[in-house]
Structures are given as structure tokens and as C-alpha cells.
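Chains as they are written, first to last, in my numbering: chain A, 1 to 406; chain B, 1 to 406.
It is possible that some hints are incorrect.
Heads up, the list lumps identical chains together, so a pair's fine if it works in one copy or across two of them.
Only pairs whose alpha carbons sit at most 20 Å apart, straight line, appear in this in silico DMTMM-like list of lysine to aspartate or glutamate [what the hints assert, rightly or not]:
1. 332 / 271
2. 18 / 56
3. 209 / 225
4. 188 / 403
5. 20 / 59
6. 126 / 59
7. 119 / 403
8. 191 / 377
9. 91 / 59
10. 332 / 182
11. 323 / 225
Simulated from the structure, these hints should not be mistaken for lab results.
Number of protein chains: 2
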Amino acid sequence: MKIVVLKFGGTSVGTVKKIKKVAEIIASYKRKNYKVMVVSSAMRGVTNELIKKSFEISDNFSVSEYDVLVSSGEQMACSLIAGRLIHNGYKSRSWLSWQIPIFTDGIHKNSRINQIRKKKIFEYLKEGGIPIITGFQGINNKGRITTIGRGGSDASAIMIAKFFNAEKCIIYTDVEGVYTTDPNKLKKAKKIKVISYEEMLEMASLGAKVMQPVSIQDARLNRIDIEVRSSFVKKSGTFITKRSNIINNKIVTGISFTQNDSKISLIGVKDKPGVAAAIFKPLSKNLINVDMVVQNISANGKETDLTFTIKTEDLSKTKKIIKENKSIRFRKLLLKKDVSKISVIGVGMISTPGVTFRMFQTLANKKINIQVISTSEIKISVLIDRKNTKKALVALHREFKLDKRK
Amino acid sequence: MKIVVLKFGGTSVGTVKKIKKVAEIIASYKRKNYKVMVVSSAMRGVTNELIKKSFEISDNFSVSEYDVLVSSGEQMACSLIAGRLIHNGYKSRSWLSWQIPIFTDGIHKNSRINQIRKKKIFEYLKEGGIPIITGFQGINNKGRITTIGRGGSDASAIMIAKFFNAEKCIIYTDVEGVYTTDPNKLKKAKKIKVISYEEMLEMASLGAKVMQPVSIQDARLNRIDIEVRSSFVKKSGTFITKRSNIINNKIVTGISFTQNDSKISLIGVKDKPGVAAAIFKPLSKNLINVDMVVQNISANGKETDLTFTIKTEDLSKTKKIIKENKSIRFRKLLLKKDVSKISVIGVGMISTPGVTFRMFQTLANKKINIQVISTSEIKISVLIDRKNTKKALVALHREFKLDKRK
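Here chain A stands alone, though its shape is the one from the complex (with noise of 0.2 Å):
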């Protein structure tokens, strides 16, 4: 059975007119005599509007109505998208997570899909049936509604695909692909043709917003081929794969960069062993993310610097711990907020010295100060002058030949 399976986000599903042009898309998979299996989405704006109606009743709203009130957006777009097909002449219904049943463990508003009992969809689809399932939700062992917290309806297709052994899971969404930066600050930004699951993780958790990367993760870790591409346009999208099915690796696949970093130093820290642990422990234990560090080296055995960023978001709090915590001793706290992370990633640095070294030259040559710089096998990344943002990409896209990718 060549099955594939197509995930509509909310803007693809977001107005009749788009769920019309949607069934469209579908019905072009089912003439190619695939097995069509659907996953949608609820419609743009709904789910954020159900979630405003809860903050209205409860400013601690139940988790678990939470989860039973916003499901039903995905309810509305299935049987729309269904109604659609059905209209044009072919067999569909819509499939809601309980009637599958799709089941899911952990605890409201943030389950994962655990099971998927396939006996049902296989003879719907033998029967030629395209059914449209809801994503984002499952039911747990108590027959409650669940949803996914992270990753939403692009982790109900990749588990899809698993369970169904899919021979293609393609996400339909409003962006043309993945691109080698943001097109919207660099209009010389290429689609990436094919980019390896770990530089997607890399580009997803620095600011690509295409696909969130336990979505990403779960694909890689199942091995699902996706092709992220647009439900708006007809061209072909972004190849995510296993490394080992892309031939010709690029040195730098993609320059990606986040501009919610706040830079903290501590200047003048006792330089003993443990001190960077006591620091650090406090902001742990408040689950406030530690990103980039650098310590100086001491200049006179006695006392360093520390340097470190967290999310902008967590800066109040990690001020306050910070001073209040009376182990943790300095001399001056420094907090900046104007700074940008900027990463060159590929999976091709592996085996190709002397990236780093161009990444700072070219930085160097545009007289652009690198504040904070934190390296793993395929990324390197940097913190710089907010201001200095763009013209950074520029400079790093030309450098690494993404100008001219085809």
C-alpha cells in the first residue's frame, strides 16, 4: 500500500476558500493512486480564540476542558475538508482522534502520541476512503481528550506515518520551504532543496519557524521523510532527511539567527571550581535556560568574568535570583538586551576545516564585534550588536556561496 500522508497547518486551512483549494491538493495524490491520508490543522484563528474564551472564564482554566475546548477546532476543519471531497465526488470522512482511536500518555495540554490502532483507517483506505484526521489530540487511557503540546499537528503526521509506514509525510503550510535564512530580512535567501534532520533541528530551534523540532526530532528519530512545502503555491518544498540520503553536502546549509537573547555578565566572580555550578544551579532549578557561556580567563588568579544568555523572556527572573542569592558574589551584574545570535549551520563542517575562521574573518572584515561564541559539530554560533544583524547575513550568506545555492 503506497500511503502518504498530508498535513494542512492552520493558514493552509484558514478560509472555505483555502479548504476548497486544500481538497484540491488532496484529491491530486489520491489521481496518483496513493493511499491519501490527512491531517489537519484547525483553522487559523480559531484555536487562539477558544483559548481567549478560557482566560475569560478562568485565569487557571482546567487543563483538561482546555483540551476538550480547543479540540474541537480541528473537529470543524476535518469535517469541512471531508465535505469538501465529498462535494467533489470522492469518498471521505472525517476521523476524529476517539474514533480511530489515536491514544496518547503524559498529562493535558502537553501528551505525546503513543499508539495509533490501525485496523479501522487500513479498511477505510482498502475501501478507497481518504480519511481526514484530526491532528494536535488524542485520547488518554481514560478516554479523554488530549492534546499535543509541542509540535501540535506536524507530530500527529509524523506519528502517522510511522504507525501507517507512510511512503511520504508532506506538510502543507504557508511557507515555500525551508531557506537558507529568513527571506523576509535577506531577499537573497534560496529554498533549501534537502536538509538533513539534525541542521533542521539546528535552523528550528534557532528561529526557522517552518516546523517546531520535537516534530522534527520525532521524524528523525522514526525515520519520516517529510517535504515541507505550501498549500499556495505549486513548486516543490524542503526535502527533510537522513543524513545518508543527501548527496553532496553543502559546507554551510543555512545561516539562521534569534533576536530574543539577552546577554548577562558577571564581572569580577571569584575564580574557584564550582563557582560557575553555583551560578547556574539557582536558574536550573527555575527552568530558565542557559544558552551560550564564556568565561575569561583570570588575569590575576583571583577573579573572572562570566558571560552567559538566556531568552529576553526570563530576564527579570534571572536578575532577581541572581541578586538574591547571596552565594553568588560579583562585583558588577551587566544585562544587554540589543543582541542577535547568528548561526552558520551544516552538516558539511564536519568534515571541512577552517568554517570557524571564515565565519570570524568575514565577521571581522565588517569591523562586527563578536560578543559570545558556542560551536557544535554542525553549528557555529555568535552573539553580536543587534544593530549589526543584517549586515552579518549578508555578508556570512555571500561568503558561504548560499547567494548563488540553486
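Please build the complex by placing chain B on the supplied structure of chain A, with the hints as guidance.
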């Protein structure tokens, strides 16, 4: 177990503010040590909005997907009510019809509840929980969502009251109860304290918009006592019960009127057996409901006039059928839209002679001509010129002492 079923209509849960009010009403019964079961409609406007979308998708939208689509409205409302009760410290949760389950038979969009599993809800009630149950829906034997065509959430509440052997079934709505006549038309209209199912059926089918006839019929068949009252005003409403529960039957309980009837007269119809049947058969075949009928006494034994009323919406269809059917012969066809049907209703009529006379005399005194008459055991209906509606209402309301009813 002292169970009360509370049903809230679309206007009662129309806004977040109103849902908060509804939660207070529910809690007040809980504090009186009732086991409270709640049935809710969708928030006012939501269902219509969904139906509008379905029309935009297809002018012949799949009925099974229609049921999936619109049933999401009750799901939302129930989760918000339960969320509010939880916020207020009560044990509550939404129960979707498939979670109980509530089983239906019949076709999509027009099913009826035929079975309700009691186990889970009884356990939940014993634990002190307040179940908030989706009205207007159930699942069929294939596990698909089906909506209840006529009667909607009222019908759900009544069937739940029946299966759980509830002591009371209270229909919360946007009116204070059933009135002796439409209070918008006649200021002197009084709230009826108690009314029999049969009278209520006549009142409902003749224009009182409080409850749909099918729900009243369900209540009558299952001997469920109902109270209709307002969710906005803290006043007792109208009790609907069996005749034998009503002490001191009034002769006339209420006066209803409709203004959506049309009168059709066929002048010069051959006066022979089978003529009326020849006329009404094609109408019946076309699902046109003939209401009042009068045939003049034949003056010459050869020709007669036949007059009947239909709903105005069926007028052009009826005209077409009569004109195109060659077996229906007549000299002249008269159509009249500006008519009004006034009905005097009361179980007391059965044992009280002279009501018909009093009604006719009252209208005659006001110089109101009666065009057609029809009677049943507990009602007398007359067709008059529409312009006389108010005058007739005022006179009849006074004649039968409804003005002074307490």
C-alpha cells in the same frame, strides 16, 4: 438519588459572562444536595456560523460531516461551563456524547436518542461530580456523531431525565416561561404557572416559541415534569406536567396565533364524492401540509367552494400544483396571504360547554369576520384578517379572564 437535569439553551450560554451566571445557577442546585446533571446547547450564534461555513463549502454538504461540524459547538460550550465550575471549586467535567455514550438511531441531522449508558455517569454522580453533557447529539451504531434534528438539546435533556429517572427537568432559556399569549403582542399576557403537555403542544405548534413540539411530546410520553424558566431572572417559570397533576383547570389556558398561513379558495368545484381527495392528494404527495379546511354547502347540488389554509412558504408551490393538475377543475382560484389564525387553548374546554359560542360572540361584537374554523378537543382555531389580530387577541384575552390570571 435526587437527580435534577438542568438544560441551558444557546442564549443562556451566549457569552462568557452568561456562562459564569449559568455556573452559579448550577452550583445553587448542588448546594441544595441535588445530584445535578447539566445539558447544554452551543453558544448562541456558533451553530449558525458553522452551518454558514458548510453552505459555503457545498450547497449539498454531506449530512454526516454536518453532524461532526455542528456538534463541535456543544463541545465548546460544555468545556467552558465545566471549566467555570472547576474554577469555582466544584468537581465537574464535560461529558461528550461518545464518552457516555448516548446512542441514537435514525438518519444524520435527524436522529433520536434511543439509549443512554448510565454506568459512568452514575459513578461520576456518586463521586459528587457535576457532569456537563453535550446536548443535541449522540453516536449511532457505527460510532459516528449524529445530531438530533428536531427538539435539539431540549430532547436530549428530556431523554437524560428519563434514563436517569430525574426528579426534575428544568429548561433554562431566555424567556420567563409560557405566557397566556405572546407578551410582545399583548402587554397583559400573564405567565402560566402550570400547563398540561397537551395544551403546551397546542401552544407550541401554534406559535409559542418556548419549546419544540417534539420535545414536549417526548416529555409527555415519558411523563417527565418540566419547568421552563429564565436563566437571567430569578423567578419561577412554567411547569409542564400531565393533566391529572393540574388542580383547578382553567377553561382557557392560553391564546396563540400565527401569521404565516395563507388561505386558498377554489370557487366552483364540482360537488361530487372524491373531489376533495383529488385536490389534497397531490399536495400531500408534495409534503404540503393542509391545515384548516372548509367546504361550503352546495347551493345547487352541482357546484361548491372549497377553502383551506397552508403555510405561506408553500403558497407558490401549491398554486403550481393546482393549476397544472388537470384533474382538479374549478372556476376560479382565490389566494389570500394577509390572514391570521387565532387559537384558544385549554383542557377545561372538554368539560365546559359554550366556549365556542363565547369565542364567536366576542369576535362578532368586535365586528371581526371569521373566515375558517377548526376545532379539536382542547382548542378552537379561527382564521381572520391579519389586521384584526391585535383586536381579537385583546378581546379574547379579556373574555376568558386571562387578563386577571394570577
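Here is what the structure says about each hint:
Taking identical chains as interchangeable, the C-alpha atoms of residue 332 and residue 271 lie at most 20 Å apart only when both belong to the same chain, with a minimum of 15 Å there against 111 Å between chains. Taking the shortest alpha-carbon separations for residue 18 and residue 56, only the inter-copy value of 12 Å comes in at or below 20 Å, while the best intra-copy value is 30 Å. For the identical chains of this complex, residue 209 and residue 225 are intra-copy neighbours only, at 19 Å inside a copy versus 58 Å across copies, given an alpha-carbon limit of 20 Å. Within a single copy, residue 188 and residue 403 get their C-alpha atoms as close as 6 Å, which meets the 20 Å cut-off; across copies the closest is 82 Å, which misses it.
Proximity of residue 20 and residue 59 under a CA criterion of 20 Å is satisfied inter-copy only: 13 Å between copies versus 37 Å inside one chain copy. In this assembly of identical chains, the alpha carbons of residue 126 and residue 59 never lie at most 20 Å apart, being 47 Å within a copy and 29 Å across copies at closest. Neither within a single protomer nor between protomers do residue 119 and residue 403 lie at most 20 Å apart by alpha-carbon distance, with minima of 49 Å and 66 Å respectively. Neither within a single protomer nor between protomers do residue 191 and residue 377 lie at most 20 Å apart by alpha-carbon distance, with minima of 23 Å and 80 Å respectively.
Proximity of residue 91 to residue 59 under the C-alpha cut-off of 20 Å is restricted to the inter-copy arrangement: shortest distance 17 Å between copies versus 43 Å within a copy. In this assembly of identical chains, residue 332 and residue 182 lie within 20 Å of each other by CA distance neither inside one copy nor across copies; the values are 37 Å within and 78 Å between. For the homomeric pair residue 323 and residue 225, neither the shortest alpha-carbon distance inside one copy (48 Å) nor that between copies (67 Å) is at most 20 Å.
Checked against the numbered hints given earlier, this structure breaks hints 6, 7, 8, 10 and 11; the rest are met.
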